[in-house]
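For the record, the sequence lines run as chains D and F.
Just so you know, we're using my numbering here: the first sequence kicks off at 1 and counts up by one.
Just so you know, we're using my numbering here: the second sequence kicks off at 1 and counts up by one.
I should point out that these hints are in silico values taken from the structure, not numbers from a laboratory.
Predicted model only: the values in this text are computed from it and were never measured.
Some hints could be false.
[To be verified] In silico DSSO-like pairs for lysine-lysine, Cα to Cα no more than 30 angstroms straight-line:
hint, chain 1, residue 1, chain 2, residue 2
1, F, K114, D, K74
2, D, K74, F, K113
3, F, K113, D, K65
4, F, K113, F, K11
What follows is the residue order along each chain.
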Amino acid sequence: MEIKKEQNGTSLTMVLSGRLDTVAAADFEKELEASLTGVESLVLDCAELTYVASSGLRAFLMAQKRMNKQGSMKMLHVQEAVMEVLSMTGFDDLLTIEK
Amino acid sequence: MRTEELRIEAKVEALPKAIEFATGTLTDACSMRERLHIELVTEEIFVNIASYAYDAPGGFVLIRRSGGEGPEGLTLTFIDEGAPYDPLQRPDPDLTLSAEDRPIGGLGVFLVKKIVTEAHYEYKDGKNILTIRKVIGGA
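Whole structure, please, built from the sequences with the hints as guidance.
So this is what it looks like as structure tokens:
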């Protein structure tokens with residue numbers, strides 16, 4: 001998976017592309033840890049994200065919990081295959097998702 | 001029905017090999033959605049074994065594969081010699097809890113149970129044997 005970051009003041013957009021599998025999720029969590037200090041608005045652009053496993057869901061949940069404390073988080077352009085996994089696990093209710 | 005086997009090290013780095021093998025009999029007739037389902041099921045089961053089955057490195061996972069597309073579906077069996085553990089007995093997560101109250105684990109097995117047509121576990125001769133079957137060709 002590739003993660004591109006665009007920061008604008010306290011707003012951070014992370015563009016995720018490829019597969020968020022168990023190996024990628026560990027990198028993604030580290031990237032989140034390193035990036036979220038001072039961020040009030042986090043956008044995860046998932047237009048190019050094709051796959052997510054439960055480890056990726058955990059990373060999304062971690063980011064959501066953190067952003068609930070310091071601002072807001074939303075996911076954009078979520079593909080159908082990823083959306084299905086979010087729906088199966090009830091994550092579509094936990095996360096703010098704009099298609 | 002022809003049965004093939006792959007024996008690989010029980011470590012997360014071997015995941016791509018496990019997925020490649022598990023999806024090895026699927027053709028272009030299999031939808032991308034169903035292919036991703038098989039990949040996801042394989043990942044969740046394999047990573048669970050790689051992460052928790054063995055106390056020390058050097059353990060293995062044997063994956064047995066038969067079938068593919070069609071009404072019989074694809075059958076995958078995951079065998080390890082780690083601590084006895086039936087993942088299917090794990091209680092389903094409470095999907096109504098808020099983000100703050102959601103426990104961090106248990107989602108992988110839940111996804112497996114949601115996706116496969118049937119799943120069966122047994123502990124026999126010192127081995128965890130988890131078999132899943134999924135009908136391919138639904139959508």
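When the structure is checked against the list of hints, which entries are broken? Sort them ascending. Every hint satisfied by this model.
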